[in-house]
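A.B. asks: Sequence:
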Amino acid sequence: MTADPWGAVLDEAEKLRKEAEAAAGVAHFPVPLETPPEGWGDLAFATFPYAKQLRKGPDQVAKDLVALMPKGMLIATSEAVGGYVNMRLDTVAFSRLVLDSGLAAGGSYGSLPPKKVRVLLEHTSVNPTGPIHIGRARNPIIGDALARIMRMAGYEVSTEYLVNDVGRQMVLLYWGVKNIDPKDVPPPEKEKEDFRLVKYYQKANELLEGNEELERKIGEMILRFESGDIALTREIRSVAERVLRGILESLDRIDVHIDSFYWESDLIMSGSARQVVNRLRDKFLDEGGALFLDLAPYGIKGENTRWFLTRKDGTTLYPTRDIAYHLTKFDRCDIAINVLGEDQKLGQQQLKVGLQLIGAPGVPETLFYSFVALPEGRMSTRSGRVVSLDDLADELVERAAEEVRKRRPELPPERVKEIADIVGLGALRYNIVRLQPEKKIVFKWEEALNFEGNSAPFLQYAHARTCGILSKAGGRGTPDPSALTHPSELRLVKTLGQFPHLISVAAESRRPHFLASYAYEAASHFNIFYRDCQVLQAEEPLRSTRLALVEISRTVLGNALHCIGLRAPAEM
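The sequence shown begins at 10 in our numbering and counts up by one.
Not one of these hints is a red herring.
Restraint-style ranges between C-beta atoms, simulated for each label pair:
hint, residue 1, residue 2, range
1, Glu530, Arg177, 42 to 52 angstroms
2, Asn287, Glu258, 38 to 48 angstroms
3, Arg262, Glu411, 13 to 23 angstroms
4, Asp238, Gly298, 16 to 26 angstroms
5, Lys124, Ser279, 27 to 37 angstroms
Rather than coming from a laboratory, the hints here were simulated on the basis of the structure.
Just so it is clear, CB atoms sit at the ideal spot from N, CA and C, and this is done for glycine as well.
Assemble the whole structure, with the sequences as input and the hints as a guide.
C.D. replies: The structure is reproduced here in structure tokens:
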């Protein structure tokens, strides 16, 4: 028995290939194993790399290797198809392995053994000046999904939010809250602190336009703040905390929870940022008192080669504090991962050079994402042209409620609301996590609210269907893998057996959308199996064997949905 049935197949395929290579007297080539077109086997590898060494055509090489390839425990046969060797599973042996592994693991199927590797995954970290808008919504959704997947893959994962409570934006928000009459501020769209206080930030920006006296006051306050004025720091932080509470309410609603928070102002108060300046002092160049690093020798080009770490007045800039922050990370983890918008690519390049120059024990990995845009253009908190994460959630839940009432008119209002929350908020997360992070999204309601095909409700309904079948079954007997012969059930067995391997692949590649694609495939294959194969009415031992498949399908769909941040309902 194994925690990873498909991993066992891949290991055996490599072993058999190496035995055939040795028998043929050819050096091993790390040719990747591929998935051939349906009907042509279960695994394949190309023979083109061997052809030159053996001085034969790829077709003949494939025939020679097949003739020398032994039978395995899980791989029954191999055949030459053009310049490829195609392998076929022993369906009974593999079905037995999947059934035994899935049933023995129960609800933990898909979880991999602990790795004892600490991961610190920073995500979200939006400035606490107002609500999260949908442009930034990919960050918590992608970051939280990656954290869940890596935990299932055996990593010790802690998530962190860097609270950027330093800088001009925060000082302007603080000034607005303390000095603007509430009567001069428009009412908030929602009764939440982030919605209420962002109005002061926007109003302060308006008042600053062309106001030299206010500009001077703000500048003086920034200097005091970034020079370590303790009283002012505490006051500004208290305003940031109020906004952050509203942001965390929004995250809680979509089931995103942060393990720890790190305040940027602490890097000033503790002297950590100043220590970075001191450690790099012999590498700095000086421009009128402002210190910078020349990054041209390290591959940074154009206007960005001069990387300033202090102002002329000696106060530190964000890059200095970012170096100090990351030095604290490597005291707390083995792997640091940052989920950031694509506009941070240059900053991350510069940061990594800075960390190398200071002799840091490592540099962070970065998962970049493209922003969500409105059809009319990019969103801006400062101008107030935004669609917030809360707005999006409200709209999706309301649309979902309409759909539930249409499909289930007999349900009481409280049950409609419960299902609408599950479906609507699931649609929000799924429509973001299923896409490759680098792919740009122009947000359109009609696409986000598509409840057919590759959608959250489709996956959730498949899980609910497994629960419904099992609740009616009243128990099952001992499964017999040799009873599984229908193509639809064998396809489902193969898909279920690949789940732990897909967890590993998604975790190691840091690609949550891989698992979203797998979840859709698993739901599709389960639905086809349910369509083609009688379960409750089947004769024994087929009935018990198919019920075992339903049971493992429930676990796989439930765990896959959890990993990408969707709830797995028992009824819809």
